[in-house]
Amino acid sequence: MEKIKRILSEISIHFLPIIVAVSCIFPLLWMLSSALKTQQTVFKDMSLMPKVAHWENFIIAWGKGGFSMYFLNSVLYTVLVVVGIVLISSLAAFAFSRLDFPFKDFIFYVFLAAMMIPLPGSFVPLYVLLVKLGLANTRVGYCFSMINVGLSLSIYLLKTFFDKLPRDLEDAARIDGCGRIGIWWHVAFPLARPAIGVVTIYNTLNVWNEYILALIILQSKNLMPLQRGLMVFQGAHITEYPLLMAGITITIIPILIVYLFLQKFIIKGLTAGAVVG
Amino acid sequence: MSSKRISNYFFILPAVLIFSTFYIYPFFKTFQLSLHSWDGIQPTMQFVGLANFKDLFLDDKAWWSSMLNAGYITLWALTFQNIIALILALACDKALRIGSIYRVIFFIPPVLSEIVVGLVWKWIYNGDYGILNHWLVSLGLGSLASDWLAQPSTALTAIAIVHSWKGFGWAFIILLAGLQTIPTQLYEAAYVDGANAWRRFVNVTIPMMVPVFIMVMILTILGTMQGFALILAMTGGGPAGHTEVPVIRILNSMKNSQFGYACAQALIFGMILVTISFIQIRVSKFLKQE
Amino acid sequence: MGFKKRGAAICLVVLLSFVLIGNWGCSFNKIADSDSVVIWHWMTDREDAFNTLAAKYEELTNTKIKFELFTPSDVYSQKIIASAQGKTLPDVFGILGKKRDAASFVKAGHVLDLTSYMNEDNDKWRSMIFDKALSLGEFKPGNVFGVSAGVYAVPIDLMNVQMVYNKSLLKKAGLDPNRPPQSWNQFIEYLKKLRANDIGGFASGWAETWLIDSFALNYAFNIMGEDKVMATIKGDASYNDADWIKVFKLFEEIRDVDGLVSGVVTMDNKYAEQLFSNEKAAFAYNGSWCVNVYKGMNPDLDYCAMMLPAVTRKNPMVIWGSAGAAFYVNKNSPKAEKAVEFLKWLTEEDQQVFLIEETVNLPSNKKSLTKIPKVLSQFADDLNSITHPNIWPYEESPRVTETFDKGIQSIIIGEKTAEEVAAEVARVKEKILAK
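Protein chains in written order, with this note's numbering: chain W, 1 to 277; chain D, 1 to 290; chain G, 1 to 435.
Careful: at least some of the hints might be erroneous.
Unchecked claim - Each computed BS3-like pair below joins lysine-lysine, with the alpha-carbon atoms no more than 27 angstroms apart:
1. W:44 <-> G:280
2. D:255 <-> G:331
3. D:255 <-> D:54
4. G:295 <-> W:64
5. G:124 <-> G:338
6. D:255 <-> G:431
7. D:255 <-> W:221
8. G:280 <-> W:51
9. W:221 <-> G:64
10. D:4 <-> W:164
11. W:104 <-> D:255
12. G:140 <-> G:107
13. W:132 <-> G:107
14. W:132 <-> D:94
15. G:331 <-> W:221
16. G:56 <-> W:221
17. G:270 <-> W:64
18. G:192 <-> D:29
19. G:234 <-> D:255
20. G:87 <-> W:221
21. D:54 <-> G:431
22. G:171 <-> G:140
23. D:54 <-> G:234
24. W:44 <-> G:374
25. D:255 <-> G:171
26. W:132 <-> G:87
27. G:374 <-> G:295
28. D:29 <-> G:234
29. G:64 <-> W:64
30. G:171 <-> W:44
31. W:164 <-> D:255
32. G:431 <-> G:228
33. W:104 <-> D:288
34. W:164 <-> D:288
Please keep in mind that the hints were generated in silico from the structure rather than gathered at the bench.
Quantities reported herein were computed from a predicted structural model and do not represent experimental measurements.
This is chain W alone, in the form it adopts within the complex:
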């Protein structure tokens, strides 16, 4: 009787998560199975497991999309931009949350407002600016532009979490003779690990999927990121669906792996903080 009750309560707890989870997995499976079909069968044969699986589509997509080079570029851009954003935005968010200086609120609200206002025509002035700075068609120019894109939201997110953190650990660190930088690095940063995790995954996804700024700022093929490779499969009139699906699968695997690591970060935040304390 006890056992049945426990099983029933297990089921009721898992009911909603399982339904949601199934709906999340289905498109993934559909994408995978489409990647294994041919252009002729992709919309005709709707089964999730095709009779003949064309695994070679992945190899063709990798080669045709020129992924080898683009992959390296994307990894480089993602690492640089995300590290840059996390460091710069956590410094700023820490200052907005804990330190005091003139016009603090005003500057913070300017950042916040920037997040809200889309700048549709901004590609043109941004590009002209980069040309003037000698940064058009360079990795550095692209990285800085991308850091700027993620900055406001990351500062806002981190500040909200810093505000939430208890201050006693910082006070203890101060008594131990820690400076402001020390408190940021040794106390606030590790304590906010869940938030840092969120900011990291958000920006990773952002940079990894970005192609518009890349196409506008960069001209040389050997500087282009991964998404440029996917474009080859979707012409104005013809889309090679199986190759496109194979390409998309290739591009999202690294993201899912990164997320797999980071979700532990998000969950283990408190224990890590306690260790530092």
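Given the coordinates of chain W, assemble chains D and G onto it according to the supplied hints.
Only chains D and G this time, still in chain W's reference frame:
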């Protein structure tokens, strides 16, 4: 003290430097363009004063109905999406067995590209061959079957549901991160005081989570109001503009070489979002002081 | 912890040095300095063929040609606009958008006038290319855009938009597969018959409004004649007129016989192509590129191209046709001469035949027409009836066009009547004219 206060600026210096180089200049350009009529290419642009704004306010019904459409999708995201995200986050916050598998799975929709999501859901919603109608018929509810994306009465809701489905993963991980940063001591103290699970939720979790709730709301509003790729993939803004959102209107103006007008639209749009967000922040501050 | 930090620091240094070595500073000049002729385009499907031709040309002449592909097309148009402002346009580029946009590029001094090259040696180059194709990139004397007259673009290939029909589906419905509908009324009868047999009728990507627009304007030309359409665009005649209402009524008619596949107004053309190639629609309104698409999706598809069924014999039926790829030469490029030479070579017969075989488009060179696949030649048969806004003397304002196209969508979903839409379009047009 004062020199220390000034030296605090060093913390925000990198952010401010990058921001002022790469944002402020394009922003002022946008502002300047909004007062001009310009096709993006010609060497001279014609100053028109506030004419673009006047057009926008008095003469552009499509713009304001696109605003309402985005508002409608946002309402769905704020309620449907975020409530589900909260329930799931609470479930995964507790030591739910196989919780980490859920955490990974729930994040699949945000990672998937709009192309895949659009193709899959178009196939689900399709009037003739869609599985939704197929299910309805086999459940004996064939009379409810419809061409979901092509009917003005259902298209927007159909999109709002897909949007919520694609977006709940973000709300989920932010809420989860928020729940994880609540110090366990607070729960323990409440437990010692004899509070049951519900009282602990009301007295500890909710107050500690208010800032995160506000943030999730602001990010939801922002993400939904500014979203457009999914809609383009699913309906292209149709039927007859019934699923258009402001960003699609802005892109449309740019496609028609009306750069000045596009900038005016963007500024008004941004100002509305800023106002909404600031009201929320004020309200949250007020709640905190209570 | 300490080890981790050091590891991270080393990683950062390595990455940074990679960046510095890879590309620091003003390397965008490299493009201008390099010895090759750089060509920007957005046409994914022609990329391989272009690269092969470039290699061949280098072998022949020692001139290096570098094609750079930027897609999707809306990002490409942003890119050339930004590059025009930053003065970093390549030697040769394509321009997307309306004639008005091309005019702005010319007026801003970015485009080389090719008239003199065309006319050299007794019009040697000019006579190679279809007149209609050439006129797409030509500005006539006294044009409304204020551009000095001349030929500014070189059309590389052509495409037109017509009707295709599935023979086996027609047979299934008891219709003669070798006798497609000859008139609009017959077309409606065919659709009725198909629907009675539970066969999907007509599919087109009518979420993409230009496909609606071209379809409707083709019929406007047929019903009222070119002059009246032009007069309406110019502002001398009104959209709220019996003839225009007749055009809008066509959509009511096709809606009332349930002749359109479901969801046609929120369908992109790629989806409509899926339906046609999987035999879920018997008719489709599609561009000549569809030959390539259907070949990929269903090689056994038994279909034919046909002229749109006319409503009346009073005026000729026209169809949309435009340059698939048209290239402009950068006026300020030091390699402009070399670029022109290459474009001349590209429009010669041999290269055209190669390009057409690879990409299944229509050639812009007159002589290469004989060497194209059968279905495509049906498209090509009607090259003389093509028209396009780019060769009209006047250009409709985008807001009117939008009201027009969305109005037709509203008719199809039963939201508005033909009369209401005509009145609404006329109202918007008047407002624009008043400005």
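How the hints compare with the structure:
Between residue 44 of chain W and residue 280 of chain G the alpha-carbon distance is near 11 angstroms, which keeps this suggested pair within the 27 angstroms criterion. Under the criterion of a C-alpha separation no larger than 27 angstroms, the hint pairing residue 255 of chain D with residue 331 of chain G is consistent with the structure, at around 25 angstroms. Restraint check for residue 255 of chain D and residue 54 of chain D: satisfied, since their Cα atoms lie roughly 21 angstroms apart, inside the 27 angstroms limit. With a C-alpha separation of about 20 angstroms, the suggested pairing of residue 295 of chain G with residue 64 of chain W holds against the 27 angstroms cut-off.
With a CA separation close to 18 angstroms, the supplied pair residue 124 of chain G and residue 338 of chain G stays within the 27 angstroms bound. A C-alpha spacing of about 21 angstroms is found between residue 255 of chain D and residue 431 of chain G, which places the hinted pair at or below 27 angstroms, so the restraint holds. Of the supplied pair hints, the one linking residue 255 of chain D and residue 221 of chain W holds, its CA atoms being roughly 26 angstroms apart against a limit of 27 angstroms. A C-alpha spacing of about 23 angstroms is found between residue 280 of chain G and residue 51 of chain W, which places the hinted pair at or below 27 angstroms, so the restraint holds.
In summary, the hint linking residue 221 of chain W to residue 64 of chain G is supported, as the alpha carbons are separated by about 17 angstroms, within the 27 angstroms threshold. A threshold of 27 angstroms between alpha carbons decides the hint, and for residue 4 of chain D with residue 164 of chain W the separation of about 24 angstroms falls inside it, so the pair holds. Straight-line distance between C-alpha atoms of residue 104 of chain W and residue 255 of chain D comes to about 40 angstroms, which puts the hinted pair past the 27 angstroms bound. Straight-line distance between C-alpha atoms of residue 140 of chain G and residue 107 of chain G comes to about 14 angstroms, which keeps the hinted pair within the 27 angstroms bound.
Restraint check for residue 132 of chain W and residue 107 of chain G: the C-alpha separation of about 24 angstroms stays at or below 27 angstroms, so the hint holds. For a cut-off of 27 angstroms, the pair hint linking residue 132 of chain W to residue 94 of chain D is broken: about 54 angstroms separates their Cα positions. Distance check on the hinted pair: residue 331 of chain G and residue 221 of chain W sit about 25 angstroms apart at the alpha-carbon level, within 27 angstroms; holds. For the suggested pair residue 56 of chain G and residue 221 of chain W, the alpha carbons sit about 21 angstroms apart, so the restraint of at most 27 angstroms is met.
Restraint check for residue 270 of chain G and residue 64 of chain W: the C-alpha separation of about 22 angstroms stays at or below 27 angstroms, so the hint holds. For the proposed pair residue 192 of chain G and residue 29 of chain D, the alpha carbon gap of about 56 angstroms is over 27 angstroms, so the pair is violated. Of the pairs offered as hints, the one joining residue 234 of chain G and residue 255 of chain D holds, with about 22 angstroms between alpha carbons and a cut-off of 27 angstroms not exceeded. For a cut-off of 27 angstroms, the pair hint linking residue 87 of chain G to residue 221 of chain W stands: about 20 angstroms separates their Cα positions.
Distance hint between residue 54 of chain D and residue 431 of chain G is fulfilled; the C-alpha atoms sit about 14 angstroms from each other, no more than 27 angstroms. Of the pairs offered as hints, the one joining residue 171 of chain G and residue 140 of chain G is violated, with about 48 angstroms between alpha carbons and a cut-off of 27 angstroms exceeded. Annotation: proposed proximity of residue 54 of chain D to residue 234 of chain G holds, straight-line Cα distance about 26 angstroms (limit 27 angstroms). The suggested pairing of residue 44 of chain W with residue 374 of chain G holds, with an alpha-carbon distance near 26 angstroms, which does not exceed 27 angstroms.
Restraint check for residue 255 of chain D and residue 171 of chain G: the C-alpha separation of about 43 angstroms exceeds 27 angstroms, so the hint is violated. A C-alpha spacing of about 11 angstroms is found between residue 132 of chain W and residue 87 of chain G, which places the hinted pair at or below 27 angstroms, so the restraint holds. At roughly 13 angstroms between alpha-carbon atoms, residue 374 of chain G and residue 295 of chain G fall within 27 angstroms of each other, so this suggested pair holds. Using a Cα cut-off of 27 angstroms, the hinted pair residue 29 of chain D and residue 234 of chain G is violated, with the two alpha carbons roughly 34 angstroms apart.
For the proposed pair residue 64 of chain G and residue 64 of chain W, the alpha carbon gap of about 23 angstroms is at most 27 angstroms, so the pair holds. A distance of roughly 22 angstroms separates the Cα atoms of residue 171 of chain G and residue 44 of chain W; the hinted pair therefore holds under the 27 angstroms criterion. Taking the CA atoms of residue 164 of chain W and residue 255 of chain D, the gap is near 45 angstroms; set against the 27 angstroms cutoff, the hint is violated. Restraint check for residue 431 of chain G and residue 228 of chain G: satisfied, since their Cα atoms lie roughly 20 angstroms apart, inside the 27 angstroms limit.
Using a Cα cut-off of 27 angstroms, the hinted pair residue 104 of chain W and residue 288 of chain D holds, with the two alpha carbons roughly 20 angstroms apart. This hinted pair checks out: residue 164 of chain W and residue 288 of chain D have alpha carbons roughly 12 angstroms apart, not beyond 27 angstroms.
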